[in-house]
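**Q** Turn these sequences into a full structure, and let the hints guide you.
There are 2 protein chains.
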Amino acid sequence: MRTDPRGTDPRTLGTATGGETVPTVPPAATAVRRTTVDVTALLERGRTLATPVLRAAIDRLAPPMDTVAAYHFGWIDAQGNPADGDGGKAVRPALAVLSAEVTGAAPETGIPGAVAVELVHNFSLLHDDLMDGDEQRRHRDTVWKVHGPAQAILVGDALFALANEVLLELGTVEAGRATRRLTRASRALIDGQAQDISYEHRDRVSVEECLEMEGNKTGALLASASSIGAVLGGADERTADMLEKYGYHLGLAFQAVDDLLGIWGDPEATGKQTWSDLRQRKKSLPVVAALAAGGPASERLGEMLAADAKSSDFENFSEAEFAARAALIEEAGGREWTAEEARRQHTIAIEALDAVDMPDQVRDRFAALADFVVVRKR
Amino acid sequence: MRTDPRGTDPRTLGTATGGETVPTVPPAATAVRRTTVDVTALLERGRTLATPVLRAAIDRLAPPMDTVAAYHFGWIDAQGNPADGDGGKAVRPALAVLSAEVTGAAPETGIPGAVAVELVHNFSLLHDDLMDGDEQRRHRDTVWKVHGPAQAILVGDALFALANEVLLELGTVEAGRATRRLTRASRALIDGQAQDISYEHRDRVSVEECLEMEGNKTGALLASASSIGAVLGGADERTADMLEKYGYHLGLAFQAVDDLLGIWGDPEATGKQTWSDLRQRKKSLPVVAALAAGGPASERLGEMLAADAKSSDFENFSEAEFAARAALIEEAGGREWTAEEARRQHTIAIEALDAVDMPDQVRDRFAALADFVVVRKR
Chain V
1 MRTDPRGTDP RTLGTATGGE TVPTVPPAAT AVRRTTVDVT ALLERGRTLA TPVLRAAIDR
61 LAPPMDTVAA YHFGWIDAQG NPADGDGGKA VRPALAVLSA EVTGAAPETG IPGAVAVELV
121 HNFSLLHDDL MDGDEQRRHR DTVWKVHGPA QAILVGDALF ALANEVLLEL GTVEAGRATR
181 RLTRASRALI DGQAQDISYE HRDRVSVEEC LEMEGNKTGA LLASASSIGA VLGGADERTA
241 DMLEKYGYHL GLAFQAVDDL LGIWGDPEAT GKQTWSDLRQ RKKSLPVVAA LAAGGPASER
301 LGEMLAADAK SSDFENFSEA EFAARAALIE EAGGREWTAE EARRQHTIAI EALDAVDMPD
361 QVRDRFAALA DFVVVRKR
Chain G
1 MRTDPRGTDP RTLGTATGGE TVPTVPPAAT AVRRTTVDVT ALLERGRTLA TPVLRAAIDR
61 LAPPMDTVAA YHFGWIDAQG NPADGDGGKA VRPALAVLSA EVTGAAPETG IPGAVAVELV
121 HNFSLLHDDL MDGDEQRRHR DTVWKVHGPA QAILVGDALF ALANEVLLEL GTVEAGRATR
181 RLTRASRALI DGQAQDISYE HRDRVSVEEC LEMEGNKTGA LLASASSIGA VLGGADERTA
241 DMLEKYGYHL GLAFQAVDDL LGIWGDPEAT GKQTWSDLRQ RKKSLPVVAA LAAGGPASER
301 LGEMLAADAK SSDFENFSEA EFAARAALIE EAGGREWTAE EARRQHTIAI EALDAVDMPD
361 QVRDRFAALA DFVVVRKR
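Line by line, the protein sequences are chains V and G.
For reference, each letter of the first sequence is one residue, going 1 to 378 in my numbering.
For reference, each letter of the second sequence is one residue, going 1 to 378 in my numbering.
Keep in mind that a hint or two might mislead.
Treat identical chains as interchangeable: a pair holds within one or across any two.
[Claimed, not checked] Derived lysine-lysine pairs resembling DSSO-like cross-links, with alpha carbons at most 30 Å apart:
no.	residue 1	residue 2
1	K145	K282
2	K282	K377
3	K310	K145
4	K145	K272
5	K272	K282
6	K272	K377
7	K282	K89
8	K89	K272
9	K145	K377
10	K145	K89
These are calculated hints, taken from the structure and not from any lab test.
**A** This is how it looks when you write it as structure tokens:
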């Protein structure tokens with residue numbers, strides 16, 4: 001009999017969070033109100049406010065680190081010519097400036113927080129790409145590929161230090177509190193990467209372990225992004241904690257969607273190969289949930305992946321072979337469970353918001369960003 | 001005619017700082033008073049106060065990072081058995097707890113600062129050893145050799161984050177100020193490593209460039225160590241700045257002595273090979289000063305090193321060949337200039353101390369530590 005990987009039948013869990021059947025659509029009750037929020041404008045606002053300050057911070061780096069960092073951010077190409085790279089979705093800066101408004105402060109109050117969070121995020125990308133041997137990021141060669149491993153280490157270190165510098169030079173008590181919280185998130189990020197690396201060498205990873213790792217790698221920094229502006233605006237500890245809770249679960253929802261896109265995403269939208277995570281043998285949520293589910297499809301998948309791990313021909317697998325694995329994951333319930341998990345985490349995030357006193361307009365915007373994260377296609 | 005690499009005749013400089021002829025002995029006038037200071041006990045105090053707190057901080061790291069860090073610090077061997085490794089001279093913790101006493105606070109006030117500085121120092125060692133490809137440190141295989149490059153990156157990152165965590169969880173305004181200063185020093189450390197790497201690819205490095213790099217790599221963190229306890233004890237900005245100045249120039253003196261030991265040190269005392277820095281083609285102070293001095297020996301040295309850089313046989317050079325290069329460096333004045341530079345920096349450090357109001361006993365101890373750094377044999 002099929003059992004839920006977390007010890008609860010997924011159908012019950014589905015019911016508990018509202019029994020929705022289309023997992024990536026937000027709960028209907030509140031979504032109506034949120035349709036008035038222009039998410040694109042919200043993301044654009046975060047980007048517009050944060051980018052000049054981020055650029056000014058990068059300009060402080062000693063050569064050649066400033067150039068290497070500018071390449072990483074997509075502002076120049078490998079030859080040093082100006083470029084207009086894909087800066088990503090910019091969810092974090094949008095959250096950081098929005099969170100300042102929780103306390104009634106201007107969005108600008110959140111800018112140093114937005115910049116610090118982006119610096120920490122990019123520090124981790126630089127180091128993780130090197131550790132994981134990833135050669136491509138945002139459709140371009142990674143820094144270690146272009147500028148060598150030493151520069152990837154060095155510039156990552158510099159961005160990490162710069163993150164604290166940008167906050168602490170504000171010289172306020174609030175900046176000290178914000179840095180302390182960001183430091184805790186940075187440690188979680190590092191823990192998550194350590195877990196990710198150790199899981200690679202293991203045959204089996206439990207759903208709990210996978211969620212813990214994703215909470216560290218994605219949840220912790222979105223928690224920072226969602227609260228740092230408020231902390232800089234003088235929010236009390238409880239408010240900051242609840243905003244962190246919103247961001248943490250938003251991060252888990254984000255990652256669940258990412259894991260779905262990593263297998264079933266449209267290559268044109270994601271910019272990744274088909275079956276991307278399967279090609280990388282990533283033990284993502286759909287995979288670990290399918291393996292933990294039990295039943296014939298789950299067992300067949302387990303045997304297949306065990307054989308793949310020893311196969312010398314894996315690099316030459318055809319589309320059909322990956323499609324077969326994806327079908328088994330779906331048949332074992334891994335896809336459905338992960339979509340449901342995204343909803344569960346989305347619901348917890350929204351509930352955390354409701355526990356914080358803030359202007360309605362700000363709450364709607366937070367909720368709309370959460371909806372965006374769950375319904376996005378890339 | 002031989003000219004001083006910094007544009008001043010070294011004999012004049014020697015006279016300016018007291019005209020001493022034995023460069024590694026401190027000025028006689030104050031040394032008498034300092035003989036009452038037990039430097040060994042002072043170093044032991046710093047070590048004894050800081051080590052348990054450092055160990056507790058490392059214990060917070062998630063596995064396997066705690067083990068990797070414990071190996072790096074010499075607390076366990078590569079197999080995980082308890083070890084009693086060489087923890088180094090422990091000058092930094094001694095300075096940090098001593099600096100707390102400047103403000104009249106107990107030495108214990110400086111402990112979180114001592115631990116944070118040690119964490120930053122070891123973060124940089126972990127990353128630098130990997131970037132530089134160094135296989136040995138403190139007579140043992142480096143972390144990347146034993147545990148792989150990913151662990152060296154990851155644990156370095158974790159130590160860096162932990163440094164800020166240890167300070168910021170104090171939750172005081174002083175801790176925020178201390179973290180800000182430490183962050184600035186960390187960035188200098190990273191700048192110094194960037195310079196070190198870029199100099200490797202160049203034929204010539206000026207004395208100024210070498211001093212700037214050494215100020216970043218060694219001076220900045222000794223500046224932090226010398227002031228962080230005082231900052232935690234509530235010292236004003238000027239006091240902190242002057243203590244940083246003491247530490248920065250102490251660091252330059254320290255590095256000048258290190259550069260002398262790297263060529264002429266007794267292998268039994270240093271634990272390094274004979275002519276260690278020459279074997280690594282290090283552009284250290286004696287080398288760059290000799291090359292900049294001009295004159296027949298300087299020119300001959302320049303030709304030899306240029307030929308060495310292209311030589312495929314460099315790895316098999318005999319003792320006599322390195323001895324010949326060391327003799328040329330000495331003949332060109334590089335050894336004498338560096339010894340004089342150590343004295344100059346020592347003098348500036350002592351003068352900075354004199355500009356700070358502090359108990360006589362504390363001042364004597366700072367001065368004694370400065371003397372120790374300059375006269376040490378390892």
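**Q** The structure should be examined with respect to each hint, and the outcome stated for every one.
**A** Verification of the hints:
1. Taking identical chains as interchangeable, the C-alpha atoms of K145 and K282 lie at most 30 Å apart whether they share a chain (22 Å) or sit on different chains (27 Å).
2. Taking CA atoms no more than 30 Å apart as the test, K282 paired with K377 passes inside one copy only; the shortest distance there is 20 Å, against 53 Å between copies.
3. When the C-alpha separation of K310 and K145 is checked against a cutoff of 30 Å, the pair qualifies both within a copy, at 28 Å, and between copies, at 27 Å.
4. Only within a single protomer do K145 and K272 lie at most 30 Å apart by alpha-carbon distance; the minimum there is 18 Å, versus 34 Å between protomers.
5. In this homomeric assembly, K272 and K282 come within 30 Å of each other (Cα to Cα) only inside a single copy, at 14 Å, whereas the closest approach across copies is 44 Å.
6. In this assembly of identical chains, K272 and K377 lie within 30 Å of each other by CA distance solely inside one copy; the values are 12 Å within and 58 Å between copies.
7. Proximity of K282 and K89 under a CA criterion of 30 Å is satisfied intra-copy only: 23 Å inside one chain copy versus 45 Å between copies.
8. Within a single copy, K89 and K272 get their C-alpha atoms as close as 15 Å, which meets the 30 Å cut-off; across copies the closest is 51 Å, which misses it.
9. Proximity of K145 and K377 under a CA criterion of 30 Å is satisfied intra-copy only: 28 Å inside one chain copy versus 42 Å between copies.
10. When the C-alpha separation of K145 and K89 is checked against a cutoff of 30 Å, the pair qualifies only within one copy, where the shortest distance is 24 Å, while the shortest distance between copies is 38 Å.
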